[in-house]
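Work out the full structure: start from the sequences and follow the hints.
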Amino acid sequence: MTTKYLVITLKDVRVSVPVAIRRGDNANLICHYDMEGAELYSVKWYKGKREFFRYTPKEIPALKSFVVAGLSVERPLSNGSHLTLVAVEPAATGKYSCEVSADLPSFDTMIVSSEMEVVDVPVTKPLITGIKQFYRIGDVVLGNCTSYNSKPAANLTWLLDDKKVRLGYLQQETIPFKH
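Just so you know, we're using full-length UniProt numbering here: the sequence shown kicks off at 1 and counts up by one.
Among these hints, one or two may not hold up.
[What the hints assert, rightly or not] Ranges between beta-carbon positions, derived for each pair:
hint: 1; residue 1: GLY143; residue 2: PRO76; range: 45 to 55 Å
hint: 2; residue 1: PRO76; residue 2: LEU160; range: 47 to 57 Å
hint: 3; residue 1: ILE60; residue 2: VAL112; range: 19 to 29 Å
hint: 4; residue 1: SER113; residue 2: GLU74; range: 16 to 26 Å
hint: 5; residue 1: ILE131; residue 2: ARG14; range: 41 to 51 Å
No lab work stands behind these hints: they were computed from the structure.
The model shown is predicted, which means the values in this text are computed figures rather than measured ones.
All residues carry an ideal CB built from backbone N, CA and C; glycine is no exception.
See below:
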């Protein structure tokens, strides 16, 4: 009788990716893993299904990056667990995956993913128009509050005497983002 055992050499593989990051900022992505004493063969990063970075410690050079539109890797700040994307643009929005592989004899491989969205935050305060300085009880207030050039759209809240105005009294309109 033959007994076979399955030994998994990778444990606790997880990824830390910013959920949202400002356009133009650097994004720090981290791939956490526990090799359980096995040797690391490679760590690969993907955006969607396209590989854009690889760390293979036994190869020379150990770091390799591949062209994927909208991504620029800061190689001096990147290694087998950390990856820095420089000055991210909206094209960098998407699913990021880290694939960790053990070396011989198992070549166990695990892949984990997370989403990142590149956002545009408003650069100016919201513009409020149509508001008079004084109102009497029972007057209808017709005003407009607009926040420009944010993606996703900014959440705007009206307050009256420091109390949130109920949605039933408001009309909301979203204007397409232009950049």
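Taking the hints in turn, this is what the structure says about them:
no., hint, result
1, GLY143 with PRO76: 45 to 55 Å, "holds (51 Å)"
2, PRO76 with LEU160: 47 to 57 Å, "holds (53 Å)"
3, ILE60 with VAL112: 19 to 29 Å, "holds (28 Å)"
4, SER113 with GLU74: 16 to 26 Å, "holds (21 Å)"
5, ILE131 with ARG14: 41 to 51 Å, "holds (49 Å)"
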